[in-house]
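Q: Each chain is listed here by its residues.
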Amino acid sequence: MNGGTQRVTFAYTGGIMLSKRVPRWWCWAALLAACAQKPASGSASPPPSPAQPTPPAIAQQRSDASCAAPLDLPGSRIQIRPATGILRIGVFAGLKDADDDNVAHLRKLAAEVVKRGVDVLVVDGDVGDNPDEQETLLGVLTETGLPVLVAPGNREVRSELDAAEGELRNKGAKVWDLSHTRVADAGDALIVGLPGTMDRRLLHADGACVYVQRDLDALAAWLDRLPAKEPPAVLVMAIPPRGRDRSALDVSEGQNVGDPRIGPLLTSRRAPFAIFGQVWESGGRAIDGRGAPVAPGAESGQLYLNPGAADRTSWPLADGTRVAGQAALLVIRGRRATVEIVRLPAAEKT
Amino acid sequence: MAPHRPLLLLVDDEPGVLHALRRLLAERFSIATASSAEEGARLAAMTEFAAVLTDYDLPDRNGASLLAQLASRPGLRKVLTSGRDVPGIEALRSTGVVDRFLKKPATREELFQALEG
Numbered sequence: 000m001n002g003g004t005q006r007v008t009f010a011y012t013g014g015i016m017l018s019k020r021v022p023r024w025w026c027w028a029a030l031l032a033a034c035a036q037k038p039a040s041g042s043a044s045p046p047p048s049p050a051q052p053t054p055p056a057i058a059q060q061r062s063d064a065s066c067a068a069p070l071d072l073p074g075s076r077i078q079i080r081p082a083t084g085i086l087r088i089g090v091f092a093g094l095k096d097a098d099d100d101n102v103a104h105l106r107k108l109a110a111e112v113v114k115r116g117v118d119v120l121v122v123d124g125d126v127g128d129n130p131d132e133q134e135t136l137l138g139v140l141t142e143t144g145l146p147v148l149v150a151p152g153n154r155e156v157r158s159e160l161d162a163a164e165g166e167l168r169n170k171g172a173k174v175w176d177l178s179h180t181r182v183a184d185a186g187d188a189l190i191v192g193l194p195g196t197m198d199r200r201l202l203h204a205d206g207a208c209v210y211v212q213r214d215l216d217a218l219a220a221w222l223d224r225l226p227a228k229e230p231p232a233v234l235v236m237a238i239p240p241r242g243r244d245r246s247a248l249d250v251s252e253g254q255n256v257g258d259p260r261i262g263p264l265l266t267s268r269r270a271p272f273a274i275f276g277q278v279w280e281s282g283g284r285a286i287d288g289r290g291a292p293v294a295p296g297a298e299s300g301q302l303y304l305n306p307g308a309a310d311r312t313s314w315p316l317a318d319g320t321r322v323a324g325q326a327a328l329l330v331i332r333g334r335r336a337t338v339e340i341v342r343l344p345a346a347e348k349t
Numbered sequence: 000m001a002p003h004r005p006l007l008l009l010v011d012d013e014p015g016v017l018h019a020l021r022r023l024l025a026e027r028f029s030i031a032t033a034s035s036a037e038e039g040a041r042l043a044a045m046t047e048f049a050a051v052l053t054d055y056d057l058p059d060r061n062g063a064s065l066l067a068q069l070a071s072r073p074g075l076r077k078v079l080t081s082g083r084d085v086p087g088i089e090a091l092r093s094t095g096v097v098d099r100f101l102k103k104p105a106t107r108e109e110l111f112q113a114l115e116g
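Sequence lines, in order, name chains A and B.
Here the first sequence stands for residues 0 to 349, where the numbers follow numbering that gives the first Met the number 0.
Here the second sequence stands for residues 0 to 116, where the numbers follow numbering that gives the first Met the number 0.
Just so you know, these hints were derived from the structure itself, not from any lab.
Among these hints, one or two may not hold up.
[Unchecked claim] Label-pair restraints from in silico Cβ distances:
no., chain 1, residue 1, chain 2, residue 2, range
1, A, Pro226, B, Thr94, 56 to 64 Å
2, A, Arg213, B, Glu115, 32 to 40 Å
3, B, Pro86, A, Arg168, 57 to 65 Å
Treat the numbers as computed from the prediction; the structure is a model and nothing was measured.
Quick reminder that beta carbons are idealized off the backbone N, C-alpha and C, glycines included.
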């Protein structure tokens, strides 16, 4: 107690006080055996840490075991269109907030993409934090009348997103969730989803999803079993692969922060094309199988895309510029693809 | 339907400190923890945290440099803590690198006020 106010250190653990960098007299006064000063930042050999405490149950976050349906489950694959020789995918990620201004912005951005000619829309992560937001945000895309495929990331609680998508379906929307319908056969490509995020610590809410190595292995095995006559796979997931340089899809503040386990999926045989999100600083770029940038309009036999965040927030990019909302058009012809980054005129890079 | 709590990133290399902070703040935040500046930066790059609360003395580099690295991220509340005076704290505050500095020990109310603005 201190002057009538309960004062806590940052380490109140069941009656044992730990602290750092507090005056030694304070430690003595608190009878703290474990109150040793720690060395300044960057100094070598920090002292051994005390035993790792068990995290309190209240803060643990849970993933729904049914986040991703088995790929071979009956019903996990659906045909959404026949083959025509070309597939044009409108790609959105990071819809985020359902406030009026953002919804108006997203509506304009969607119109800008759709007017280029689109067969299907894909939404990759950050589709709102509750069913109302999700219904509003996804509704912006379903109101185009196009099929909409949703891949949730680290924010969406499974049951809530199911409810939002159900409401939209009740209104006649053509919306599928790539958590349940893992494979959307779009005729000229198989759009395959892996929902969730790579690390439990990134979950924004109980009931949001994490994928684990088992999910990656199952996806790899499924891709390996695809007959050669099948169209190419387009993988959709929020987390990008761990890159090797500043051109990659996962660069934030100079670091490559993606998931190193994804790389083996990205081959010409397994997933020659893929859509990622989450790392908005690297948005609006595409790379090929060697990690080299793919310029807008250039054809590539392997093309991996981070469209960037679609919402209206002015976001700093890894190249030092800023963009307030962007999306992409991914076009697949046979086994080659091109990409176009789509921005509203007012959102061009500054 | 329970409202979603904002996601908070705690960075400290003392497991006991992280444990205590987690208990204290879980009432109003979902919480992720990291034990170094690099680990914190990597997590912060992967999602949009509402706030980050970092100790100044971290094993790889200081917490102020982590907050400087994250300074351009829209909407992120940045709180620095230390048991001692931090050199240049006024400049860090005036340039927006740090939104709040909390000298330890701090009250629960001070923590929530610093993190929620």
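Q: Mind checking the hinted window 57 to 65 Å against the Cβ distance between Pro86(B) and Arg168(A)?
A: Cβ of Pro86(B) to Cβ of Arg168(A): about 58 Å, so the range 57 to 65 Å holds.
Q: Could one say that the CB atoms of Arg213(A) and Glu115(B) fall in the range 32 to 40 Å?
A: For Glu115(B) against Arg213(A), whose Cβ atoms are near 38 Å apart, the range 32 to 40 Å holds.
Q: For the range 56 to 64 Å, tell me whether the beta carbons of Pro226(A) and Thr94(B) fit it or not.
A: holds, 59 Å
Checked against the numbered hints above, the structure violates none of them.
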